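Could you put the whole structure together from the sequences, leaning on the hints where they help?
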Amino acid sequence: AQSVTQLGSHVSVSEGALVLLRCNYSSSVPPYLFWYVQYPNQGLQLLLKYTSAATLVKGINGFEAEFKKSETSFHLTKPSAHMSDAAEYFCAVTVTRSGSYQLTFGKGTKLSVIP
Amino acid sequence: GAVVSQHPSRVICKSGTSVKIECRSLDFQATTMFWYRQFPKQSLMLMATSNEGSKATYEQGVEKDKFLINHASLTLSTLTVTSAHPEDSSFYICSARDGGQGILKPNYGYTFGSGTRLTVV
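If you read the sequences in order, they're chains A and B.
First residue of the first sequence? That's -8 in the working numbering, and the numbers climb one at a time after it.
First residue of the second sequence? That's 19 in the working numbering, and the numbers climb one at a time after it.
Calculated from the structure, these hints are not laboratory results.
These figures come from a predicted structure and were not determined experimentally.
Cβ coordinates follow ideal geometry from the N, Cα and C atoms, glycine included.
Some hints here could point you the wrong way.
[Claimed, not checked] Residues of chain B placed beyond 12 Å of chain A at every Cβ, according to the derived structure:
| no. | residue |
| --- | --- |
| 1 | S27 |
| 2 | K82 |
| 3 | S101 |
| 4 | P104 |
| 5 | E105 |
| 6 | G133 |
[Claimed, not checked] Cβ-to-Cβ under 8 Å is the rule here; a few derived chain A residues that face chain B:
| no. | residue |
| --- | --- |
| 7 | R13 |
| 8 | Q33 |
| 9 | G34 |
| 10 | L35 |
| 11 | L39 |
| 12 | K49 |
| 13 | F81 |
| 14 | Q93 |
| 15 | F96 |
| 16 | G97 |
| 17 | G99 |
| 18 | T100 |
| 19 | V104 |
Structure representation (structure tokens):
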């Protein structure tokens, strides 16, 4: 069964510093992977997705993620953190169940940005 | 882009009453909708998957008689929490998938509503 594991429930970075949020996947088939961001009391917004095209995926707000099959990883990065990046980030993988695609989420990583 | 509207955003109800939450896809046909529950500082837990015109498929441990899901049209799904109790208090989020976009299409994805904060007193 496909699943994702997010390492680190809470990450703090200084404003302007590199953001690195880790996600490892487990899948017996080529996975489709997603990163979502959630602001307090809001739904989820798609940052980027990997669907077996380019291994380096660029998303919105300056985020990108690289699919590394050898490491079963799909870490999210951003060169320079902004205060507005403070939020909860979820890695997700598509699983197929009963003929339909569903998303399975990691436990989330809360990103704090220190001025 | 794809937009999913979820209402209400916040609701407080008395124990024993029922609450209906609506989820609408505004600019696409949502052949499949998903309902999630999120506890404070936790991840999203899938409650059920609904396909338009058919019965919802509930995840293990989710009471189908308590959480009634209706997906009567390609743009509307509703979740009704029946006989609500304080332990049903949570953040409920719906998600919709555009049936016209295959998974390899650039616009493929799951669009989420803004969530509903349910408080049962």
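Taking the hints in turn, this is what the structure says about them:
A beta-carbon of chain A is positioned within 12 Å of the beta-carbon of B:S27; the least distance is around 8 Å. For B:K82, the condition that its CB be more than 12 Å from all CB atoms of chain A holds, with the nearest at approximately 15 Å. Residue placement check: B:S101 keeps its beta carbon more than 12 Å from all beta carbons of chain A (closest about 25 Å). No Cβ of chain A comes within 12 Å of the Cβ of B:P104; the nearest lies about 19 Å off, and the non-interface call holds.
Look at B:E105: its CB is around 20 Å from the nearest CB on chain A, clear of 12 Å, so calling it non-interface holds up. At the 12 Å boundary, the C-beta of B:G133 falls inside the reach of chain A, the nearest C-beta of that chain being 5 Å off. Given hint, A:R13 at the interface with chain B, is violated; its Cβ is 15 Å from that chain's nearest Cβ, farther than 8 Å. Hint status for A:Q33 relative to chain B: holds, with the closest Cβ pair at about 5 Å, below 8 Å.
Taking 8 Å as the C-beta contact cut-off toward chain B, the hint placing A:G34 at the interface holds, the least distance being around 4 Å. Hint on A:L35 holds. Least Cβ distance to chain B is approximately 4 Å, under the 8 Å limit. Hint on A:L39 is violated. Least Cβ distance to chain B is approximately 10 Å, over the 8 Å limit. Taken as an interface hint, A:K49 does not check out: its beta carbon lies about 13 Å from the nearest beta carbon of chain B, beyond 8 Å.
Satisfaction of the interface hint for A:F81 is found here, the shortest Cβ-Cβ separation to chain B being roughly 7 Å, below the 8 Å cut-off. At a threshold of 8 Å, the smallest CB-CB gap from A:Q93 to chain B is about 6 Å, leaving the interface hint in force. For A:F96, the shortest C-beta to C-beta distance to chain B is roughly 5 Å, which falls under 8 Å, so the interface hint holds. Interface hint status for A:G97: upheld, as the beta-carbon distance to the closest one in chain B is roughly 7 Å, under 8 Å.
Annotation: interface hint on A:G99 holds; nearest CB of chain B at approximately 5 Å, less than 8 Å. With a cut of 8 Å, the hint placing A:T100 at the interface with chain B is violated, because the nearest CB-to-CB distance is about 10 Å. About 18 Å separates the beta-carbon of A:V104 from the nearest beta-carbon of chain B, more than 8 Å, and the hint is not met.
Against the hints set out earlier in the document, violations occur for numbers 1, 6, 7, 11, 12, 18 and 19.
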